[in-house]
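Each chain, letter by letter, is given below.
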Amino acid sequence: MGKRRFDVTTLPGFTFIAITAFVLLYAPIFTLVIYSFNGGNSVNVWGGFSLKWYAIAAQNEAVQSAAIRSVIIAVSASGIATTVATMAALGTTRRGRFKGQTAIYIMINQPLMVPEIVTAVALLIFFSSIKIATGYTGLGYLILAHAAFCVPFAYLPIRARLEGMDMTMETAAADLYASPWQTFRYVTLPLLMPGVIAGAMLAFVISLDDVIITEFVKSAGQDTLPTYMLGQLRRALTPEVNAISTVLLALTVVILTAFFLITRKRD
Amino acid sequence: MSGGAHGRSKGLNGWLLSLPALVLLFVAASGPLLIVAVYSFLEKGDYSGVRWIFSGDAWFRVLFEKDIFDGTVSLADANLSIFWRSVKLSLATTFITFVLGLPTAWFIATRAAKARAIWLFLITIPFWTNLLIRTFAIMEVIRNQGLLNTALINLGVISEPIQILYTDTAVLIGMAYVYLPLMVLPLFAAIDRFDMRLIEAGYDLYASRWLILRRIILPIIKPGIVAGCILVFVPSLGAYVTPRVLGGGKNMMIGNFIELQFGQGQNWPLGAALSMVLLIVVMGALLLYTRVSSRDDPHG
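These protein sequences, in sequence, are chains C and H.
Mapping the first sequence onto the working numbering, position 51 (from 1) lands on 51, and the numbers just tick up by one.
Mapping the second sequence onto the working numbering, position 46 (from 1) lands on 1046, and the numbers just tick up by one.
Keep in mind that the hints were calculated from the coordinates and are not lab data.
Ideal Cβ placement from N, Cα and C applies to all residues, glycine included.
Misleading hints may appear alongside valid ones.
[As the list claims (entries may be wrong)] Partial pick of chain C residues on the chain H-facing surface, computed with a CB cut under 7 Å: (1) 17; (2) 23; (3) 98; (4) 102; (5) 182; (6) 251; (7) 254; (8) 256.
[What the hints assert, rightly or not] Here chain C is said to cover these stretches of chain H; the calculated rule only asks that three of the stretch's residues, wherever they fall, bring their Cβ under 8 Å from a Cβ of chain C: (9) 1020 to 1029; (10) 1051 to 1065; (11) 1068 to 1082; (12) 1110 to 1116; (13) 1153 to 1164; (14) 1256 to 1270; (15) 1278 to 1286.
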């Protein structure tokens, strides 16, 4: 051990395995990103740096419409999920325990517990009969399904934020004759806003990334970016899929960074 | 009067405010599960869908098959091998992620505050990155002309690429890769609360490092270990994307087998019954988890 101070928190081999784990986590992602800039026509041979595949992906009409569809669904679903999750968080925190509170928690977190393939199958059965009965085959089903599984992801940060807020501000507002609505609008909501934004961001990312439920619920010609990429998969990846993946990856990193900056400000 | 804590009925307001979320979840998540339960007891339709006649056939066919000529009943070997593969691969995934995840979580938790936030963020990025993209990324590495085989050939270790893609090994590597962050995060949370002075006390009493790990650290962080294992095992068992992409259609897991019944298989009741089986196993695992964690955690 030489003269170095003995550090009790160091366990033999742990640091080595940890660094290996990080390398293993990032090496595949970096490979994928690097190959998206490959100028060659084959995924196997490096043909120099190029943005060619980004241009090809951007000009592909199927990719364009899938991207637009992904964004429409993610914005609508995260909007709906964040609204109902905010109300539910207001209903289930800071009012003491009430009857049925645990039942509400369980129901809200249900999408985190049930395997996604099971929910996907359930929605396929349910929505396909509605599609036949009503004749409506629009994006509404996807938005509804996405909104539902986004609820717990929106709920958790909002609830965490609420739990860190005491009632003094609201009590002060009420003492000054603010109506319950005014108190909510001008006191509670602004204080809660970082939690709401954080929740909306997570919901957005979760909706944007979904594959399984979308794959089962979508009608013909309703591909989102992830289901489009899954459909493109043959023996190997096309460089175009690498390019789309890299764009989605970059978007996720940007949103996550913003999420951490927002949630950290509270300290 | 304010509507908050001074309101007439806390419970009523709580329920009313939660109602929109509950209705949404009932319509597009929980409610349809009941339909799946009903469908599993119906007769299969001619092409797809069901006929509204009660039948236990789908549940029977989860485990058994009847010979169409002489009517003898035997175990459905094809189904059993899919179940066995799913359980085996999920347990192996849980084991691998634990072996890699424990040191990783330990490493992060023992960094100084600033560095710790960065390492933690580095674990969180893959956690939130699209599962499909991560599966594609690992596919790039293990395919025949991929990073791994090319590197091994250039190093002279092998002369022909090893066929990893479209095998059970590929599915295992893929699942371990995509679910590793799910193991690290709860382990980190548990180790973060761990009082390092206990290790000092152990050394003072002449315990070896191995003894300290086994007798002090592991028992105390056990709730985190259980949480991590459940969080990895549950999605592994229901995995669909990773086995579909890396298993290449042959090496199905339960999730792909369920999908098959709604696609080419055209047997919705069997698919529904298989979904219920998966749901029951997963709920059992989660129940076990709440039991263990409420027993071990003095605050819970």
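- Which earlier hints can't be squared with this structure? 2, 4, 5, 6, 7, 10, 11, 12, 13
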